[in-house]
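Asks: What follows is the residue order along each chain.
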Amino acid sequence: MWFKRAGVLQTPILLSGIVAIVALIGAFGSPTVSRVATLALIAVIFVCGLSTFSGNSGVMSFGHVAFMAIGAYTAAYLTIPVKLKAALFPDMPDALSFLVRIHAPLPVAVFIGGLMAIVFSVLTAPVVARLSGLQSGIATLALLLIVYNVLGSWTAVTRGSSSMVGIPQRTTAWNALAFAIAAVAIAWLYRRSRSGLQLQASREDYWAAVAAGIEVGRHRAYAWMLGAGLCGAAGALYAGLLTSFNINGFFLSATFAFVVMIVAGGYLSLSGAVLGAVLISALQEVLRRFQDGQFTGGSPLPAGVADLVLALILLIILIKAPQGLMGVRELRIPSPRAVTLPRRPSKPSPAPATP
Amino acid sequence: MIVEFLIGAAGLGALYALLTIGVSLLFGILGLMNFAYGEIIMAAGFALYLFRDQPWLLAAGMAILFGCAVSVLSERLAFHSLRNADPVTLMIASFAVSLALQSLARMSVLPKAQGVPPQNWLTRQLSVFGVEVSILNLVMLVLCGATLTGVALLIGRTTLGIQLRAAAENFQMAENLGVKGNRAVAAAFGIVGVLAGIGAVVLVARQGAVSAEMGLQPMLIGIIGAVLGGMSSLRGAALGGFLLGATTSLLETVLPSDLITFRDAILFTLLIGVLVIRPQGLLSGSKVRVS
Chain A
1 MWFKRAGVLQ
11 TPILLSGIVA
21 IVALIGAFGS
31 PTVSRVATLA
41 LIAVIFVCGL
51 STFSGNSGVM
61 SFGHVAFMAI
71 GAYTAAYLTI
81 PVKLKAALFP
91 DMPDALSFLV
101 RIHAPLPVAV
111 FIGGLMAIVF
121 SVLTAPVVAR
131 LSGLQSGIAT
141 LALLLIVYNV
151 LGSWTAVTRG
161 SSSMVGIPQR
171 TTAWNALAFA
181 IAAVAIAWLY
191 RRSRSGLQLQ
201 ASREDYWAAV
211 AAGIEVGRHR
221 AYAWMLGAGL
231 CGAAGALYAG
241 LLTSFNINGF
251 FLSATFAFVV
261 MIVAGGYLSL
271 SGAVLGAVLI
281 SALQEVLRRF
291 QDGQFTGGSP
301 LPAGVADLVL
311 ALILLIILIK
321 APQGLMGVRE
331 LRIPSPRAVT
341 LPRRPSKPSP
351 APATP
Chain B
1001 MIVEFLIGAA
1011 GLGALYALLT
1021 IGVSLLFGIL
1031 GLMNFAYGEI
1041 IMAAGFALYL
1051 FRDQPWLLAA
1061 GMAILFGCAV
1071 SVLSERLAFH
1081 SLRNADPVTL
1091 MIASFAVSLA
1101 LQSLARMSVL
1111 PKAQGVPPQN
1121 WLTRQLSVFG
1131 VEVSILNLVM
1141 LVLCGATLTG
1151 VALLIGRTTL
1161 GIQLRAAAEN
1171 FQMAENLGVK
1181 GNRAVAAAFG
1191 IVGVLAGIGA
1201 VVLVARQGAV
1211 SAEMGLQPML
1221 IGIIGAVLGG
1231 MSSLRGAALG
1241 GFLLGATTSL
1251 LETVLPSDLI
1261 TFRDAILFTL
1271 LIGVLVIRPQ
1281 GLLSGSKVRV
1291 S
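Protein chains in written order, with our numbering: chain A, 1 to 355; chain B, 1001 to 1291.
Now the in silico label distances, taken between C-beta atoms and shown as ranges:
1. B/T1149 with A/L197: 50 to 56 Å
2. A/H103 with B/T1123: 50 to 56 Å
3. A/T155 with B/T1269: 18 to 24 Å
4. B/R1263 with A/H103: 32 to 38 Å
5. B/V1131 with A/H103: 56 to 62 Å
Covered stretches of chain B (chain A as the covering partner; in silico rule of three or more C-beta atoms under 8 Å from a C-beta of chain A):
6. 1080 to 1093
7. 1106 to 1112
8. 1216 to 1223
9. 1264 to 1277
Reference excerpt, derived from the structure (chain A facing chain B, CB under 7 Å, subset only):
10. A139
11. L308
12. A311
13. L315
14. P322
Keep in mind that the hints were calculated from the coordinates and are not lab data. Using N, Cα and C, we set each Cβ at its ideal position, and we do this for glycine too.
Please model the complete structure; the sequences and the hints are all you need to start from.
Replies: Shown next, in the form of structure tokens:
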């Protein structure tokens, strides 16, 4: 069967199949279902970016939502009709007034959103290249807080804490599917690339990788930039789906939701990240309906139930199965001959802190 | 003017130092960077709201009690099962605990922010040698200073302190030598609860309100201060917190008003700078220890 002979392509093909099913559900479902499915596809694109960095390097990042915010704001500047923009940004400083005049269709905005995120990631790459473990976690969190603070306070340019409104709804299940498949392919190509393999080596044993001549910092920086681009694209699509968004949507609770996805699926594996994104997106929708009272006879539960359940699920996963659903495995068709080969259990440890 | 600024800066520095050692104490012993610290403070703040009509001392005592209870419970229910996990897993777990506590609060007792009017005597100004000083700043300085001294004595001079330091140095070895590890860890969480309670008393008096989200800012302060000072030396952490408070106070005074909203961005940029130049912290040796 051509499918099995495709070898290393099995995983991206299977993952594309899964996202295609999600898109089909979205394209033919009710408006609510369609919206949830499209959000799930955007989450897939985001976790592909997050997994490109965290999965390969073993360094957890809490900062990728900042790239998503940058992508979303870029898309807003590019796609809001020019007339409306002039009314939305009366105090735009002269140096940035070109933002009011430019206009582009959504697919272009997605590319430019990714590009802007990459520009920001180039600025921050030296930090990420140098730090490991906990320090890196804190530094990426600090990045998120900086972006949150600047976007939330620079009222003349970003509308500050007021919502960004009037973005035309151009994101559909189909164009989200196209970008999701592209994101899976990019993440997979990087994972199999020379740089990706070297980064994975540093994840398994930092000092051995350094001793083998791998420039861990450089490869971390590459993965950081590539992941940033994907997350920026996800942000642009997100803006095009929601038509209005607020800076508070790109803060700790969003970060938390994506961390749950990637940890539930198994953050060392791309399949785990994608499956986690799809499953947790579905779970979030079920929880939201539960909270609204659709399963309890119409009486809504107090706000916060969904978050509480999500937090408890994450805790249980961390305690019972810290490797997540997939561990370090990737999705493949089990072949009769390969089953007899026992897979050696490997337990990757996070890279020790560089002194 | 200068004296007033100095007392304000020292008070804020002492408060930040207090918040910081609450984070770095647990990091030293368990490798836990505790994001749920803010929610412990929130629980203590809720006690202040609940007992707002009672005498101030009773309310403060209840705040400390609530902080202790939530802190120790979070250890029993969540962190206990993750004793040997790596720091990043622990950090993600504390993220989950933080969100769980926050949504519990939002569901039950604090769906929206509640005002806690500060005590009358706290809002007055005191004239010392012809200088107007706010009593709140003085109380903040004295209370936090006293607590810091207390913690220093507890860690340095008591049997419990020696056990905690031993557990921080090498948990397994300390247990083999007869330190009751579980009891020491529970005690550490208890101390963190007390610190959070006292922090909450000062914070609520400053802000005049409690809400489910009130823990975010103090938690970030604690973590940043701990990272600045050196993740696992208590003295370094306290100094880091103090520096952070004093710098914040200074930035608030010297920054032009249109830049003041970007204060956090400036602080976090400084933090990243410190991390890049000295990942082990400004004031810490490379060795990991609590003393």
